[in-house]
Amino acid sequence: MFDLIPFGRRDRDLYRYFDDFDKHFFGNAEKMFAGFRTDIMDKGDHYILQAELPGFAKEDIHIDIDGDYLTISAQHDEVVDDKKDSYIRKERHYGSFSRSFNIADVKADEISAKYRHGVLELNMPKTAKEASKTRKIDIE
Numbered sequence: 001m002f003d004l005i006p007f008g009r010r011d012r013d014l015y016r017y018f019d020d021f022d023k024h025f026f027g028n029a030e031k032m033f034a035g036f037r038t039d040i041m042d043k044g045d046h047y048i049l050q051a052e053l054p055g056f057a058k059e060d061i062h063i064d065i066d067g068d069y070l071t072i073s074a075q076h077d078e079v080v081d082d083k084k085d086s087y088i089r090k091e092r093h094y095g096s097f098s099r100s101f102n103i104a105d106v107k108a109d110e111i112s113a114k115y116r117h118g119v120l121e122l123n124m125p126k127t128a129k130e131a132s133k134t135r136k137i138d139i140e
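The C-terminal residue of the sequence shown carries number 140 in full-length UniProt numbering, and the numbering is unbroken.
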């Protein structure tokens, strides 16, 4: 049973020393500023944004637009267990996760979303770019 507990073999690693120092000095700041990983691809006439949100139900994910900002947020509620003291190790994070993105050059009313296998994918069409307003002036 205790072989399930991960352990490091690099006890004297300098990088591990600094990582441990960060954790002890700042606390677990990673939990305070929880986010999720995203990939954004430029496909010419549209952007594709993919966000990793594993373990979420589709109903727990919210996409809101406020002006030129799109915000993706999701909520993980901790499962209350009568056997709280039975954990050997607990690494899963609970709480709310949120990220915002500037969508000034996106047609906000045409954004579509789908969620499959823990990945949220947004298809965001670009706005038409205005023709360049430059011109050449001849010198007399």
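Honestly, the hints are just simulated from the structure, not real lab data.
It is possible that some hints are incorrect.
[Unchecked claim] Pairs of lysine to any residue residues, derived as SDA-like cross-links and limited to a Cα-Cα distance of at most 25 Å, are as follows:
(1) LYS126 <-> GLN50
(2) LYS58 <-> ILE88
(3) LYS43 <-> LYS107
Next on the checklist: Which constraints among the numbered hints does this structure fail? Numbers only, ascending.
Outcome noted: Violated: hint 2 alone.
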